[in-house]
Structures are given as structure tokens and as C-alpha cells.
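Protein chains: 2
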Amino acid sequence: MNVRAGIVVTGTEVLTGTITDRNGPWVAKSLLDLGVDVAHITICGDRPADLTAQLRFLAAEGVDLIVTTGGLGPTADDLTVATVASFAERPLALDTALEAHIADIIARWRRTSGIDSPALAAGIRKQAMVPEGTQAIDPVGTAPGIAIPAAPAKSTPAILILPGPPAELQGMWPAGLATDAVTQALSGRGVYRTQTIRAYRLSEPDLAATLRSAEGQIDDVDQLEITTCLRGGEVEIVTRYAATAQPAYDALAEYLTKHHAAQIFSIDGSTIDDQLAAALSGRSVATAESCTGGLIAARLTDRAGSSEYFLGGIAAYANEVKTETLGVPTELINEHGAVSEQVARAMADGARTVLHTDTAVSTTGIAGPGGGSELKPVGTVCFGIAVAGQPTRTHTVTFPGGRATVRALATTAAFHLLAEALNDVEANLASPRRSVI
Amino acid sequence: MNVRAGIVVTGTEVLTGTITDRNGPWVAKSLLDLGVDVAHITICGDRPADLTAQLRFLAAEGVDLIVTTGGLGPTADDLTVATVASFAERPLALDTALEAHIADIIARWRRTSGIDSPALAAGIRKQAMVPEGTQAIDPVGTAPGIAIPAAPAKSTPAILILPGPPAELQGMWPAGLATDAVTQALSGRGVYRTQTIRAYRLSEPDLAATLRSAEGQIDDVDQLEITTCLRGGEVEIVTRYAATAQPAYDALAEYLTKHHAAQIFSIDGSTIDDQLAAALSGRSVATAESCTGGLIAARLTDRAGSSEYFLGGIAAYANEVKTETLGVPTELINEHGAVSEQVARAMADGARTVLHTDTAVSTTGIAGPGGGSELKPVGTVCFGIAVAGQPTRTHTVTFPGGRATVRALATTAAFHLLAEALNDVEANLASPRRSVI
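First to last, the sequence lines map onto chains A and B.
In terms of UniProt numbering, the first sequence is residues 1 to 437.
In terms of UniProt numbering, the second sequence is residues 1 to 437.
Keep in mind the hints are simulated off the structure, nothing from the lab.
Check the hints yourself; a few may be wrong.
One-sided and incomplete, this derived list gives chain A residues near chain B with beta-carbon spacing under 10 Å [stated by the list, open to error]:
1) A136
2) R240
3) A318
Quick reminder that beta carbons are idealized off the backbone N, C-alpha and C, glycines included.
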């Protein structure tokens, strides 16, 4: 009954692992949000035979819509349109209006260097070849998309051809959905809801045990499509269900929050970044980072509007920067070592003082691969959380994994620890409120 | 003649775009490095019928090896082993030694919380079910991998089953390759070479035109598998070829470097990060970041050993931090605005002075979405590059895209500008040397 779709990601650079594909997941998520069931994503290189094989496979699997990404560029190895046209048995013809339109676009953004005629003209002509009986989609970059209607007589589903650069693909998505071919393919879709629950410091086996026990206790739990996913120290529980299964989802959400009250920090889809931004509203914050080397500041300022509360940060890698810029007493480093809760506290307090904020977070740790000892192995990170009017808190966590993992996990931990501290302050000031961690 | 492989990535969280798959690209690259031709990567969710369809598709395409990733966990939706076993017509049997081994591992890392017997035991038993006539691969986490020999009579290729967490998969890869099943499947592979050329400030259409013109002028250019890929403002040109095509590759590399001498900065596979680290060797560097908010410091310290030259950085978001901590004169901000080459210069000089380094790089710009004006639109970023004994350089670049793109492109630009300045200094001091940009 559901409308099913397949996604074909093309490009040797994706197939060979040179770049990580961002289009498959984005298109999949966008289709799911529309209530479309994504059955398969396939990735192929620039060999037409492999692309054709994948199109045949998806058509044989009975999908209603295929979305292809990539292979629309001006170069000779960009063969998606020709290959799909041949699969759909639709001859290509030059669309001269489209050709002029693409030439216009290129002329505009090459105004400094001019158009190098014959080679570029060949590329433009190639991009303006459109299969018979299909609809071109206005380019966001220079490559137009194409929507091909389903042809039941040929057993070919509707096909939406989109370019590879994510910004172009995403920009052309609404126009692609609005084409007759895609509108018709999606006309039978159901309505689904998606809810996300997020937990921190909850292990996957513990969650799996809870979900297994929930199966016997909640009616219609089999109507819920539950996906659990561990990332960056957090567990994400994504549930997709038809509107009729709302009572089952409500029961599951209650069951989970009852069993993991201390770990679940979000039941409304909000991320720790959202929650920390809300907690920092009306405040001012500074960072003092050693092992995370700027990652916390970078992640805080990733958000538009963060300049409202983020004033600045100091990446204090060398001990001299810790002492001179942040005012950490040299004796503290000599006595306890740079990686210690004492130094983390002094760094957080120092950042507050030097950068004139009411809140600060600090890290000092051993990201590896070198620098570990028996007492302080690689992965040991000390945190300081300074909030005006409160005693400065410190924490020590030992993270698993290599350098990049330790730094990423420590950054996420800093977000949770800071949000937790701010929520505790709020809870003490006002009515009781659930702690973030 | 080539050995061909297919990769099946399983997991609803990947199929639905909740997480970005890292295993497909990693396995593809690892196989390519071994001279194996990767024809297809397919992604499916937790529906056994979809996984079976993909296995059938790859077998029908004639691949010699299928690598599957994910779906080996203890939860009920982890169905890879059972589904692949059924596809390969090999009944599952409990491996009691493996069961005891997994229980041991879990007991070790759950020492604080104890084993919650019935549910966990069920999960462990599930993970210890092994298809008949296959070889289990010792787990890095808790999930063992499995290697299934090819069965020409059943038209099934060799299948290597690996877990989903990237660290586990990568840790188990050597043992997986060493199994009889995989060794035999890969025995006929050829030897390939891969070379990467990197350029900065080179547009893809310009590169495409050069490659088109090279086709007519270089013998055997069709023996080269050339992939071009734009990322983060750089163009990567990856060429894969058999040893016999070395003269063709050498001619292509010479042709490209002749036509784009000013843009090509690497012909030996080194990244700008590698080159900058080499250029900073024996020096000390500091950062002063406004719009990039810590990204440059974070990227510099991403590299093990960076503490040799990176002393510290200041994320100077608020103007008060620019003036007080970095010593930028208030009048300079009032007169020219915070986003100006004058302020960028003062920030870089200030960082050098405050953090006692011989080198510093600064950014101040408008990452958006707000804050743009006609004169300084969103995407405008000013850079300062201070090197001891040299006049401080400044640059202004207007980057396209949204907030995240502008910040990422500005970070990459800072790496190139700093490496370029350091190479110029070196060139003046010693024998002439090609500029980095």
C-alpha cells in the first residue's frame, strides 16, 4: 500500500570512498518525511552498465519512484542523463532554450575569466540534452534536473534526476517534487509521524534489554518502526508510525522515560545543542580548551545567533598560555599536572575572569595517541564548569577511542555538563525541573 | 579479469538518513587499495526481504566478494547473519565457545553494572549463531564477524559479514581479509596504483576543459580512471591505473601542472594540512578567530603532535575580546568595522604578541545568516597572516553558501594563506621553491 522509493547515488568519488555521500541520507530523510518508504539506496561509479543494472534492480523491486543524484556535470564522465534516458527508452534531444539559460548562468559567475568557447560550449550543450517527454528542473548551479514520468507499459517507475552538489540538490528538491511525474508517483502515500528520543550515558545493550521487555507490555508495539543509533556518546531512538499507532508510541515513550529517567534528556526531538543554547539565553559564556583545542567554541558558534551569549574562548594548548592568558597558577600545574581537576577549575574560572562572562567551560586532557600514563591514560579528560554565584564544578571522564573520537566525545560531554549545571541553577532558583543528564 | 566486489550497508538508521554511513566508503577504499574493483554499494534497512534482494542483485551481477556491514547487534532488528545464512543456504548453529567468549567480553566492560541475565543472555546467544561451514572472526566489540566461502554451485560469491560500528569494523578488517573465504575470492586481483593531485582556487569547468583537451594529446589517456571531486574549495583529482599506464599518468600529471601551475599545490597526495604542519615545523603558531570561532584551532590540533607548534588560540567573537584580549585598538573597529583587513591585521599581530608566537593567523567575517550589508555581504571574510620579520599580510575573500559552508571554506582558506606565506618566507631565505597556491 505504501509508496516505495529507491535512491541511486552516482559518482566514482563516492563509490571509491574519496568523499562521503550526503545526498542519499538527505533524500531518504526527505522522502520519509513525506510518508514514502525508502527501500534501497544504491551507489555506483561512472560506468553506465553498473548504473543501468541498479535502475533495473530497483524497477524489478517494484519501487514507485527512483531518485538519482550526481553525474550531471559538463565532463565526459557525467553520464547519468544519457544512461537513464536509455533505460527509460526516451531519446535525448537538445533543448535550445535550456542551453541558452545555462550559458547565461555560466557567463554570470565567470565574469572575471570569460568563457573559453569551444570546450565550455560542448559542456553546456551536453547539460541541455533532455529525454523526450520529460520535464527539466531549473538549475540552482548549472546542471538542470529532469523528471521522467512512470511508464507502466515499460515497467519503469518515475525517475527524478538531480545533481550531486548537496546545495544544488537541496535547492532543486521542491521543484522536483512539484513536477507531474513525481506528484503522480507519490499520490498514494500514507501519513507517518516520526519522533526522536535522545539519551546520554545509556548503553545500547541496556536500551536493547528495555526495548525487549517493552515488547511484552505495550499493545501494538509492533506497529512502531523503532531505530536506535549510538553517536557521539548519545543514543538516538527514532520511531516512525502511522497516526493510528499514536497510543502505542505514547506508551513506549512513557515506558522508556520511566526506565531511563536519568539518561533521557530529550523527548521532543531537541538536541543538546538546542537545549544548551536555550539555557545560555540571557547569559554570557566563554571557553577554555586544551585537549579539545577549539572544538567547543567552534560547535557553540556553529549556531546562528550564538554571538548573543558566546563572547570568546581561549584554546590554551601550551602551559604558558594556561598560566599567562588564563591565569592558572604555575604551582597548580606543577603540583597536580596540566590534566587535573584543579587545573580545569582554574581554567574555567580564569576564562570567566579574563573574558568577563557569567559562565565558562574548560577541558584539559590527553587526546592521544601519546601522553598517557597508567594513572591518566589516553582518553582522560578533566572538565571545569564555572557559573557565577555557584561553586565551580569539575569532572573527570575517560573516553574510549583514538584522538579524534576522544576530542569529539569530550566536546559532547562538555555540552551536557554545562547544560546540566545551568539547569540545576535554574532548578534551585525556580520550580523543580528535570535534570538534563 | 579484475576481481569485483559489492558492499551491502545495512541499518535503518543509515537508510533513513539518521546517521551518515562511514563504512561503505571505508570498505570501498580499502578494497580499491587491494586492487579490487568495487562495482556497487547498496544500503538497506532492517527488512530481511530487502537485504536478500540486494544480495541476489550483487550475486547476479557476478561480483566475487560481498562485504556486509551492520546488523550484528544483540537486538531483534539485527538480522544480517540469519538473512545472509538463508541466502547462502547454510543453517545456523550455536557456537558455544563463541557464546562463552562474548559473555566474557560483556562481563568485563559491564563490571560496574552487572549482567542482567535473561535478556542479555538471549542477546549473546543470538550473536553466537554461526552459519554452517563458515569462519567466525574474533569480535573487537561484542559482535563476531563471519566469512562465508563462495559456492559456485549455488552461484553465491564469498561473503564477509562485519559489524556496523566503524571502530569495530576497521579493527576486524585484517582478520576478515585473512580468512580462507576472502583470500580465495581475492586471489585473482590485479595491481593498481592510485595518485592524487590537489588544487585550490581551480573551478571544475576549467579543470574539465583541461581534461578534455588532454584527451587528444596524451597517449593511452583512456587507460586512466580519473575522478575529480570538489570539496571545501579544493579540487581533488584521483587517478587509478594499472602499472602499464604509468607513462600516461606521468604525462597527464605534467600536462595538468603545466596548465594549472598556480592552482595545483599537491602532486604527491599530501593535503594542505600535511603541508602546513611541515611548514610550521620549528615554528610556533597562534590563532585569532572571529567568524570561524575556533575551527582553525580545532583543525590545527586535530593532528597528533601539533602541540609542537600550536601554542594557543583566541576565539574573539565579541568586540570587547578583540580589544581587551588581543589588543585591537577600539578606534580601528570604530573606523573600519570589525570585519576589515585593518582589524584582521591587528588581530593576527595581537595573537602573536599575547601568545608569544612567531606566526599567527586571524579571521574576521560575516558567516551569516544575518549581519551582511551591500558593501560587506554575508560570506565576506578578512584574513590576517603574521610572520615574524615580515610585514603582516591581509586578504579579503567572499565565500558562497550558508553559515556552515562559509565557516568551513574560510578555515580551508586560512590554511592555504598561512602555508603560502610560510613558503614565500622560505623561498626568500633559501633556494626558489614552488608557491603553495
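Hints breached by this structure: Violated: hint 1 alone.
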